[in-house]
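Colleague: Next come the chains, spelled out residue by residue.
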Amino acid sequence: MRRRLLLVLLAFSVLAVTAFAWPLLMSTASERTQRFVITRIADLDRIADVAQQAVLEHDYADLRAEVRAYRDLYGDGMIVVDTAGKPLAAEGLAMTDPRVVGAVAAALRNQPAVLPEDLRPWSDDDVLLAVPIGTDTRVSGAAVLRSSVDIAAADIGRAWALILATALAAAVLCVLLALLLARWVLRPLRELEGGVLAVAAGERDAHIGERLGPRELRALAGSFNRMSAAVTAAAEQQSRLVADASHELRSPIARLRLTVDSLNRYVTADGKTAYCRIVAEVEELESLFGSLLNLAAADRTATELAAGTGLADSCDATELLVERRETWLPAADQAGVRLSAPEAELPVQLALPETELKQVLDVAIDNAIKYAGEGAHVRLDCEVTAGCGRVAIADDGPGLPAPDLAVATTRFWRGRGDHGSTGSGLGLAIAERLVTARGGTLSVLANSPRGLVVELTVPLAEEEVSP
Amino acid sequence: MAAQPQDPVTVENGWRNALRVLLVEDDDNFAESVAKVLVRLGHEPTRVSRGGDAAVRHHDADVVLLDLMLPDGNGLDVLRGLRKVTEVPILVLTAVGDTRTLVRALHLGADDYLVKPFRADELLARIDAVVRRSKLSGQPAPQVVTVRDVSIDLAARRVVAGGEEVTLTGTEFDVLAVLARRRGTAVERERLMDEVYGDASRSRSQSLGVHLTSLRRKLNRPGLIVTLHGFGYRLED
Chain A
17 MRRRLLLVLL AFSVLAVTAF AWPLLMSTAS ERTQRFVITR IADLDRIADV
67 AQQAVLEHDY ADLRAEVRAY RDLYGDGMIV VDTAGKPLAA EGLAMTDPRV
117 VGAVAAALRN QPAVLPEDLR PWSDDDVLLA VPIGTDTRVS GAAVLRSSVD
167 IAAADIGRAW ALILATALAA AVLCVLLALL LARWVLRPLR ELEGGVLAVA
217 AGERDAHIGE RLGPRELRAL AGSFNRMSAA VTAAAEQQSR LVADASHELR
267 SPIARLRLTV DSLNRYVTAD GKTAYCRIVA EVEELESLFG SLLNLAAADR
317 TATELAAGTG LADSCDATEL LVERRETWLP AADQAGVRLS APEAELPVQL
367 ALPETELKQV LDVAIDNAIK YAGEGAHVRL DCEVTAGCGR VAIADDGPGL
417 PAPDLAVATT RFWRGRGDHG STGSGLGLAI AERLVTARGG TLSVLANSPR
467 GLVVELTVPL AEEEVSP
Chain B
44 MAAQPQDPVT VENGWRNALR VLLVEDDDNF AESVAKVLVR LGHEPTRVSR
94 GGDAAVRHHD ADVVLLDLML PDGNGLDVLR GLRKVTEVPI LVLTAVGDTR
144 TLVRALHLGA DDYLVKPFRA DELLARIDAV VRRSKLSGQP APQVVTVRDV
194 SIDLAARRVV AGGEEVTLTG TEFDVLAVLA RRRGTAVERE RLMDEVYGDA
244 SRSRSQSLGV HLTSLRRKLN RPGLIVTLHG FGYRLED
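Protein chains in written order, with my numbering: chain A, 17 to 483; chain B, 44 to 280.
Derived by calculation from the structure, the hints in this document are not laboratory data. In this text the structure is predicted, and so the values were computed from the model without any measurement. Check the hints yourself; a few may be wrong.
Said to hold, decoys possible - Taking lysine-lysine and the DSBU-like style, the derived pairs with C-alpha atoms no more than 35 Å apart in a straight line are: (1) K127/B / K178/B; (2) K386/A / K178/B; (3) K127/B / K386/A; (4) K386/A / K374/A; (5) K386/A / K288/A; (6) K261/B / K386/A; (7) K79/B / K127/B; (8) K178/B / K79/B; (9) K127/B / K261/B; (10) K178/B / K288/A; (11) K261/B / K288/A.
Claimed, not checked - Now the in silico label distances, taken between C-beta atoms and shown as ranges: (12) L213/A / Y240/B: 38 to 46 Å; (13) E399/A / Y240/B: 21 to 29 Å; (14) V400/A / K178/B: 20 to 28 Å; (15) D260/A / D196/B: 36 to 44 Å; (16) D196/B / A261/A: 39 to 47 Å.
In this text, a Cβ means the ideal position worked out from N, Cα and C, and glycines have one as well.
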């Protein structure tokens, strides 16, 4: 926008300056040329009067003296001839010059003098002017003047230089004005853009200046600030609601759990099935509640990171994968799933805190064990590729249909045929939030030839300089 | 996590002595539920609802159960205050999703933690473990530490797992030995690095991870070395 605005403003100002300067240049040249011609014609007329007198009196001494004096004074050549073309007086011009002959012939025919074209600063061709001698009806000869244009051209040059300098100054002023105008309009827009980006990145209370730019933009900045404040207030309310609700829920659920546990010994064989169902329900409630708290924590972390106040930490993916495999082995054995250790030997140091990577891995491994089915093989691995760390949890189970892959990380999404499962539908959403907050990506992809891969790409931790 | 409902295991006969348990908890109903569970096992719970009271009552306790989310200020401050004056085992109760507070609690000297909601048998087992550990802590570490079917001979620097000798490198053994001397206790990562290498820089942290990974692979005893994420490690009891 800035380029276009400047382009338009500059084109306009150049056009305006040109439209002003061009006619001025032309009229200056034309006026000076006219003055030049008029003075020369007046001189010629006076010589013609002297020549008329000389022709009548047949005494050419005065005429010759006049012509010589004129040449000495101005350096211009002049010739005066009679009707037959015989020179009566000549200084610096001769009838051998064809231009002089032409001019004499025209003057003798009493044609009006041919005016020269407008002079330019660079003109240096001498101008030839001719007038008839005598009255209109009785022409008794012709006077021809060859005048140098140097002085007039130099005058025009000076005038043009002044005009051009003024025009240039005006153009520079226009450019400055255009730049100022562009800045005045664009700076509030740039601030607004920065503010919008900050809000999009989750920054709280992103405010921009309201005193810059045109009134309309100032009003817009004001509206933006009010919107930003409202968004911030809404986000705070939301997180407070989650925090309050979870704090309130925490204790009843914990009490429920303990009470259900203490019931155990009073349950008779008949009630055992129902009791186990209750325990299972409580566990599902616990797990959903835990997921909600984790999601709130992940959101909080993302907001803090966007605001630049989050913790920077790193962990070794290889170590964590080996450790998580150990933890999940009993569950995998129970489900008849083979859980293999990573092939990676070297550490893959990711810019992700250990507690967060653990949560992400747990979600992915838990899903793989739950849904890959008996006899499936779940592989854990990590590597360094293209400056990033890549962690993959891959299984060879039934996988997901293509449309589901794209939405698998949506909150509260559950797979088809997943009815009555204990999943909260929040696991992958939490995992994705955690990973993206750290500048990484989490994708759910189809494995080849079958199955599912949860793949994380996370920036590597910055190397510590060895002492 | 586990989909199958499990019968809560009651460990009623696992206790020889009644323990005096100080419960620092603001929620009356929850405190009552916990107290009931404890009384049923023959323990003597005392309940205070404010962190300030804990500082006064800890003398009469064998173990403290401290809720980190107390109304009168941060549970962490209460923990810090308690640790300045007493070595009594402290078990902190935290909420899911609050790993940061948990890790800080461990750094401040909490012996172990329970994430609300927890099962009754889990509570009893943890209380048992922290009390036992604290009783052992005064005594010198034995020459041979045996965990499950793994025996670690600290003097001879030999490890036998399931009757077969496991060949460890020098550093791997050092790491295992530090954990074995404090079996059942959480060992801070920095402390582990310091005892093994003599410094705790970040590059050392990476190399510690490599040794632990290789140690796990060689021992092949899942769950033997527990990672306390964001804090450190523990050799299981």
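Colleague: Take the hints in turn and mark each one as holding or not.
Modeller: Hint by hint, here is what the structure shows:
no. : hint                        : verdict
1   : K127/B / K178/B             : 19 Å, holds
2   : K386/A / K178/B             : 41 Å, violated
3   : K127/B / K386/A             : 46 Å, violated
4   : K386/A / K374/A             : 18 Å, holds
5   : K386/A / K288/A             : 25 Å, holds
6   : K261/B / K386/A             : 28 Å, holds
7   : K79/B / K127/B              : 30 Å, holds
8   : K178/B / K79/B              : 25 Å, holds
9   : K127/B / K261/B             : 40 Å, violated
10  : K178/B / K288/A             : 39 Å, violated
11  : K261/B / K288/A             : 43 Å, violated
12  : L213/A / Y240/B: 38 to 46 Å : 45 Å, holds
13  : E399/A / Y240/B: 21 to 29 Å : 27 Å, holds
14  : V400/A / K178/B: 20 to 28 Å : 47 Å, violated
15  : D260/A / D196/B: 36 to 44 Å : 54 Å, violated
16  : D196/B / A261/A: 39 to 47 Å : 53 Å, violated
Comparing the model with each numbered hint stated earlier shows that hints 2, 3, 9, 10, 11, 14, 15, 16 do not hold.
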